[in-house]
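Chains as they are written, first to last, in our numbering: chain A, 2 to 340; chain B, 42 to 403; chain C, 33 to 329.
Rather than coming from a laboratory, the hints here were simulated on the basis of the structure.
Take these hints with a grain of salt, some might be off.
[To be verified] Computed footprint of chain B on chain A, listed as stretches where at least three residues anywhere in the stretch have a Cβ under 8 Å from a Cβ of chain B: (1) 101 to 108; (2) 179 to 193; (3) 206 to 214.
Idealized CB from N, CA, C, for every residue including glycine.
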Amino acid sequence: MTTLIQLDHITRRFQVKRQQFIKAVDDVSFDVQEGEIVCLVGESGCGKTTTGKMIAGLLKPSGGQIFYRGQDITTLQGEAWEQYRLSVQLVHQDPYASLNPTHSVFDTLAAPLRRHKITVGEAATRAQARELLEMVDLTPATDFLDKYPHQLSGGQRQRVAVARALTVKPSFIIADEAVSMVDVSIRISLLNTLLRLKREMGLAVLFITHDLALAKYFAWEGRIGVMYLGRLVELAPARQLVEAPQHPYTQVLLSAIPEADPDVTRTKQHIQLRSMDVPSLLRLPSGCAFHPRCPCFEGETCEQVVPPLAFFRDGSAVACHPVQRERKLDRVAEPTRAD
Amino acid sequence: MNQLTNAAMSQRTGAPTLSVKGLTITYQAKRGSVQAVRNVSLEVQRGEALALIGESGSGKTTLGLGLVRLLPSTATVRQGELVYRRTVPGTNGGPGAVTEVDVLKLNGRELRQFRWKECAMVFQAALNAFNPVLRISDQFGDTARAHGYLQGKALTDRARHLFELVRLDPDRVWRSYPHELSGGMRQRVLIALGLLLEPQLLILDEPTTALDILTQRNIMDVLKELRQQLDFSLIFISHDLSLAAELADRVATMYAGKLVEISDVYTTFKNPVHPYTIGLINAVPTLTAHKDRVSSIPGSPPDLIDLPTGCKFHPRCPLADLRCRQEEPELVAVTGTDHWVACWNWQIARRQLSNGGKGGAA
Amino acid sequence: MTAMETTSTSRPSRESGLLRTLKLLARNKIGLLGLIIIILMTLMSFVGPLVIPPETQAHTEQIYKPPSAAHPLGTDFQGREMWKMAIHGGRDVLIVAFLAGILTTLVAVTVGAVSAFFGGWVDSLMMGITDIWLTIPRFLLLVVVATLVRLENIWMLALFLAFFGWPGLARQIRSQVLSLKKREYVEAAQLLDLGAPHIIFREMLPNMMSYIVIAMINAMTSAIYSQTGLVFLGVVPFGNNWGVMFSLAYAKNAIYNPNAAASLLVPMGAIILFQISLVMLSRSLEEIFNPRLRTGV
Numbered sequence: 002m003t004t005l006i007q008l009d010h011i012t013r014r015f016q017v018k019r020q021q022f023i024k025a026v027d028d029v030s031f032d033v034q035e036g037e038i039v040c041l042v043g044e045s046g047c048g049k050t051t052t053g054k055m056i057a058g059l060l061k062p063s064g065g066q067i068f069y070r071g072q073d074i075t076t077l078q079g080e081a082w083e084q085y086r087l088s089v090q091l092v093h094q095d096p097y098a099s100l101n102p103t104h105s106v107f108d109t110l111a112a113p114l115r116r117h118k119i120t121v122g123e124a125a126t127r128a129q130a131r132e133l134l135e136m137v138d139l140t141p142a143t144d145f146l147d148k149y150p151h152q153l154s155g156g157q158r159q160r161v162a163v164a165r166a167l168t169v170k171p172s173f174i175i176a177d178e179a180v181s182m183v184d185v186s187i188r189i190s191l192l193n194t195l196l197r198l199k200r201e202m203g204l205a206v207l208f209i210t211h212d213l214a215l216a217k218y219f220a221w222e223g224r225i226g227v228m229y230l231g232r233l234v235e236l237a238p239a240r241q242l243v244e245a246p247q248h249p250y251t252q253v254l255l256s257a258i259p260e261a262d263p264d265v266t267r268t269k270q271h272i273q274l275r276s277m278d279v280p281s282l283l284r285l286p287s288g289c290a291f292h293p294r295c296p297c298f299e300g301e302t303c304e305q306v307v308p309p310l311a312f313f314r315d316g317s318a319v320a321c322h323p324v325q326r327e328r329k330l331d332r333v334a335e336p337t338r339a340d
Numbered sequence: 042m043n044q045l046t047n048a049a050m051s052q053r054t055g056a057p058t059l060s061v062k063g064l065t066i067t068y069q070a071k072r073g074s075v076q077a078v079r080n081v082s083l084e085v086q087r088g089e090a091l092a093l094i095g096e097s098g099s100g101k102t103t104l105g106l107g108l109v110r111l112l113p114s115t116a117t118v119r120q121g122e123l124v125y126r127r128t129v130p131g132t133n134g135g136p137g138a139v140t141e142v143d144v145l146k147l148n149g150r151e152l153r154q155f156r157w158k159e160c161a162m163v164f165q166a167a168l169n170a171f172n173p174v175l176r177i178s179d180q181f182g183d184t185a186r187a188h189g190y191l192q193g194k195a196l197t198d199r200a201r202h203l204f205e206l207v208r209l210d211p212d213r214v215w216r217s218y219p220h221e222l223s224g225g226m227r228q229r230v231l232i233a234l235g236l237l238l239e240p241q242l243l244i245l246d247e248p249t250t251a252l253d254i255l256t257q258r259n260i261m262d263v264l265k266e267l268r269q270q271l272d273f274s275l276i277f278i279s280h281d282l283s284l285a286a287e288l289a290d291r292v293a294t295m296y297a298g299k300l301v302e303i304s305d306v307y308t309t310f311k312n313p314v315h316p317y318t319i320g321l322i323n324a325v326p327t328l329t330a331h332k333d334r335v336s337s338i339p340g341s342p343p344d345l346i347d348l349p350t351g352c353k354f355h356p357r358c359p360l361a362d363l364r365c366r367q368e369e370p371e372l373v374a375v376t377g378t379d380h381w382v383a384c385w386n387w388q389i390a391r392r393q394l395s396n397g398g399k400g401g402a403a
Numbered sequence: 033m034t035a036m037e038t039t040s041t042s043r044p045s046r047e048s049g050l051l052r053t054l055k056l057l058a059r060n061k062i063g064l065l066g067l068i069i070i071i072l073m074t075l076m077s078f079v080g081p082l083v084i085p086p087e088t089q090a091h092t093e094q095i096y097k098p099p100s101a102a103h104p105l106g107t108d109f110q111g112r113e114m115w116k117m118a119i120h121g122g123r124d125v126l127i128v129a130f131l132a133g134i135l136t137t138l139v140a141v142t143v144g145a146v147s148a149f150f151g152g153w154v155d156s157l158m159m160g161i162t163d164i165w166l167t168i169p170r171f172l173l174l175v176v177v178a179t180l181v182r183l184e185n186i187w188m189l190a191l192f193l194a195f196f197g198w199p200g201l202a203r204q205i206r207s208q209v210l211s212l213k214k215r216e217y218v219e220a221a222q223l224l225d226l227g228a229p230h231i232i233f234r235e236m237l238p239n240m241m242s243y244i245v246i247a248m249i250n251a252m253t254s255a256i257y258s259q260t261g262l263v264f265l266g267v268v269p270f271g272n273n274w275g276v277m278f279s280l281a282y283a284k285n286a287i288y289n290p291n292a293a294a295s296l297l298v299p300m301g302a303i304i305l306f307q308i309s310l311v312m313l314s315r316s317l318e319e320i321f322n323p324r325l326r327t328g329v
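Using the sequences and the hints, build the whole thing.
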C-alpha cells in the first residue's frame with residue numbers, strides 16, 4: 002500500500018488573547034495509507050477536528066509538514082495544489098448546516114460537476130447526479146434530485162453531503178463526527194455506505210468521532226488514534242486498541258464508556274482518575290499532559306518530559322513513559338516517509 | 042444475575058407516583074397537525090427510574106414537556122390524564138395518606154406550586170439555561186424565593202448538601218458565575234437545582250448529550266448516588282441506549298408518538314419483542330460486540346403530519362403483514378409479565394429478528 | 033423544539049424565493065397594504081401622465097381654491113389643479129428612489145461581500161474607505177456638491193445619491209456575509225474549490241436576499257429624503273415633482289394662507305404616503321424573513 006497522507010510533527014496554534022496562544026494540535030505524526038480507515042477519537046478540545054481541517058487544507062499548520070503522496074503540500078502549485086484539494090474532501094457533522102438551504106439537491110451536486118467540467122451539458126450533469134445519489138443509497142434518485150434540504154431527514158442530508166464530496170472523485174474522505182447528529186438507527190447504515198464506497202472506490206477514510214464503539218466498528222480492519230489535549234497518545238489497530246489499550250488515558254476512556262448492555266455496563270470497573278480537575282488547553286500541564294489525572298503516574302519523568310510517540314513491533318504506538326519503559330525491547334523505529 | 046435496585050424490588054407495591062393515561066398531544070404546523078404524542082399511557086413507581094428511549098420524531102421530548110405542562114403555545118393536549126400522587130408517610134411507619142392530583146386540571150397558581158416542588162425538569166442542552174449575569178447562589182435564591190422555600194443560611198446549607206451529593210465543591214461553585222463552570226459542572230448544578238425543593242419526580246431530558254465521555258461518566262455516577270441517597274423517581278429522556286442500560290429500572294421505547302414497548306431494563310436488552318426495539322438494540326454497537334452482529338434499520342422515521350395507516354413502523358418492519366398495514370396495535374402484556382408491547386407479531390419477532398444479539402438468544 | 037423531524041414527501045419545491053416571499057407577504061396585512069399602495073402610486077405616476085395632460089398654463093381665476101367638487105384637491109398659487117399636479121409629480125421622485133435604491137444596493141452588496149469574503153488587507157482597505165465616507169455628514173456634502181456640479185436631470189441625481197449612500201449599507205452587508213462565511217455549506221464550497229464569485233453570489237447571496245431587499249427599501253427611503261431636502265433647499269433646480277411643488281408652495285408663503293393649505297399638504301402627503309408604504313413593506317419583510325421561517329414555508 003502506498004502512503005496517501007503523512008503528517009510529520011504537525012502543530013497548530015491559535016491566538017486566544019494578546020499574548021496567549023493555545024496549541025490545539027501539538028506535534029502530531031501519523032500516516033494514512035491508500036484505501037485505509039483511520040479513526041481519530043478523543044474528547045472535545047483534543048484537536049481531532051483541527052487535525053482533520055489541516056489535512057483538508059482548510060487550515061494551515063503552524064509547524065510541521067503534511068505530505069500528499071510523498072510531496073510536501075506547501076510545495077504544490079497551481080494544478081497540483083488543486084488536485085490535492087479536490088482529492089481530500091470533508092463531510093461535516095451537522096446535516097442541518099452542511100447543505101445550502103436555497104439549493105436543491107441537484108444544484109448542490111451540479112455546482113462542482115460544472116465548475117470542474119466533470120460533466121458537460123445539462124443531461125450529462127443530471128445523469129451523473131443521479132448516479133451519485135444511487136452510490137450513497139438515496140434511491141430512487143430522481144425523487145431526490147429536486148428536493149430541498151428542509152424536505153430531507155438528517156440521515157438523507159448526510160448522504161447528499163457524501164455524494165457532494167464524491168463529485169470530485171476524491172481519494173480521501175474525512176468524516177468529521179459525520180454520524181453524531183443522525184438518528185441512532187441510521188448511523189450504522191450510513192457507516193456501511195461509507196464502507197461500501199471505500200471498498201468500491203478505494204477511498205481512504207479518516208473518521209473523527211468521540212464514540213469508541215462506533216470507531217471500533219468502522220475501523221474494524223483499520224487503526225484508531227487517540228488524542229488528548231492536542232497530542233496523539235496512542236495509535237493501534239482498532240480491535241487491538243479496544244481489547245488491549247496501553248495508554249492510561251485510553252484505558253480510562255474505555256472503562257468509562259457506558260455500553261448498551263446492562264450486564265456489561267453495570268459491572269464495569271471504572272478506573273479512577275487521580276484528580277477531578279478538568280483539563281484545559283490554556284493551562285496545559287508540563288511534561289505529559291495527562292499526568293495530573295493519570296492513575297499510572299510515576300513521578301518526575303511524567304511531570305517534566307513530554308513522552309514521544311513510540312512505535313512497537315505489534316504495530317501499536319503509545320506516548321507514555323511507563324509503557325515505553327516496560328516495552329523497551331519491543332520498540333521499533335518510527336516508520337519513515339514512503340517516497 | 043438481575044441486579045434490581047431496591048426501588049425496583051418494591052415496584053408495583055404502593056401507588057405509582059405518576060400515572061399517565063391516554064395522553065395525546067398535537068402541534069399546529071403550517072402543513073397540518075403534528076401528531077407528536079398519541080395515546081400514551083405509562084406509570085412511574087416511587088423511587089423508580091424510567092428511561093424514555095426514542096429517536097427524532099418519537100415524541101419523547103414532547104411527552105416530557107407535557108408531563109410538566111411546559112409545552113409551547115402551538116401545542117395542544119387533546120386528551121389524557123396525568124395523575125400525580127404524593128404519599129405522606131404515615132405515623133409509626135404505617136401507610137400514609139395519598140394525595141392525588143390531575144396535573145392537566147391544575148390552574149396557573151396550582152401549576153406553579155406543582156412545578157419544581159413536586160416535579161422538576163432539567164432540559165435538553167440546559168447548559169445554556171443559566172442567566173449569565175447571576176451567580177449560582179442568586180439563581181438558587183430566586184428559585185427558592187419564588188416557591189416560598191428556605192432562605193438565607195438554611196438555603197445555603199441545603200444547597201451545599203446537594204452540591205456535595207453531586208460531587209461539586211460548594212466553596213468553588215456557590216459564588217461563581219455560570220461561565221466560570223465547565224459543561225459537566227453546570228449540568229450537575231442544574232440537577233442540584235432540580236432537587237432543591239425535594240420533588241418526588243425529576244425529569245431529565247437528554248442529560249448526557251453534548252458531554253464528553255468522562256464527564257458523562259461523572260454525571261451517571263452522580264445520578265446513581267443521588268438515587269441511593271435521596272428518595273425520588275426519575276424519568277430520563279434520551280436517544281442513548283447506553284444511558285438506559287446504565288441507569289434505568291424500566292425502559293419505554295417510543296416510536297412515532299406511541300409507546301411500542303415497555304419492560305424492565307434487562308428484558309429490554311436481552312429479550313425485546315418489538316421489531317423496532319430489536320432493531321434499535323442491534324444498531325448500537327458495544328465495545329465488545331462483533332461487527333457482524335450490528336445492523337441498521339432501513340428507511341426513515343415517518344412524517345408526523347402524514348402518518349402511514351396501521352402500525353406506524355410497518356414501512357420499515359421486516360415482519361409487516363396485511364394486518365400491520367391496516368390496524369395499529371395497542372399495548373398488550375407479554376404473557377404473565379410486566380412487559381408490554383404494541384405489535385401484532387411480537388411472538389415471532391424475537392425468533393426471526395435475532396441475529397445473535399448482544400446477550401443470550403432465547 | 034426545533035428537531036421536529038418531519039420528512040415531507042410533497043411535490044418538489046421549485047418555487048423561487050420570490051414566489052415564496054409573495055406568498056408569505058400575502059398573509060401579513062400591513063406589508064400587503066404597503067405593497068398595494070406602492071403599486072398604485074407607481075401606476076399613478078407612470079401611467080397617469082399618459083392619460084391626464086399636464087397642467088402647463090396658469091389659471092389665474094382659480095388661484096388657491098380650497099378642495100371642492102370642482103377642484104378635488106384644490107389649486108396652487110398659479111391656479112393649477114393639485115390632483116393633476118400630484119399625478120405628474122410622482123414620476124421624478126419614484127424614478128430617483130428606485131434608481132438610487134438599486135444602485136446603492138448594488139455597490140454596497142459588492143463592496144460589503146467582497147470585503148467580508150476576502151478579509152485581510154482587502155477588507156481593511158475597503159472598510160477604511162467606507163469608514164471615512166461615513167464620518168462625512170452626508171447631506172451637507174450632498175448640498176455642497178450639488179451647488180458645485182449642475183445636477184441636470186434625475187439620472188444624475190440618482191447617481192449622486194447612490195454615490196453617497198452606499199457606505200452605510202456596505203457595512204451591514206459585510207457583517208451579514210461574515211456570519212454566513214462560517215456556515216458549513218460555505219466551507220464545503222471552499223473544499224470543492226468552487227471559486228470566490230460562485231461562493232459569494234451563488235452560495236451566500238441567495239441566503240441574504242431578504243436582507244438585501246430590505247436594505248434596498250431603506251436605500252429608497254433615504255434617497256427620497258435626500259432628494260426632497262435638496263429640492264427644498266433649492267439646490268436641485270429642475271423638474272416639477274412633489275418636492276418642487278412643496279418647495280414652491282412654501283416659498284410662496286402658503287403657510288400663511290388657509291386657502292393654500294392644499295398646495296402644501298398634497299405634495300407632502302404624497303411623499304409621506306409613499307415613504308410610509310415603503311416602511312410598512314420593509315418592516316413586514318423583516319418579520320417574515322425571520323431565519324426561523326426561512327427554512328421553508
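8 Å C-beta test of the stretch 179 to 193 of chain A against chain B, three or more residues: This one holds; 8 residues, not fewer than the three required, reach chain B with a Cβ under 8 Å.
Do at least three Cβ atoms from the stretch 101 to 108 of chain A come closer than 8 Å to Cβ atoms of chain B? The restraint on the stretch 101 to 108 of chain A is violated, since only 0 of its residues have a Cβ under 8 Å from chain B and three are required.
Has the stretch 206 to 214 of chain A got at least three residues whose CB is nearer than 8 Å to a CB belonging to chain B? Held - the stretch 206 to 214 of chain A has 3 residues with a Cβ nearer than 8 Å to chain B, which meets the minimum of three.
In the structure shown, a violation is registered for the earlier hint numbered 1 alone.
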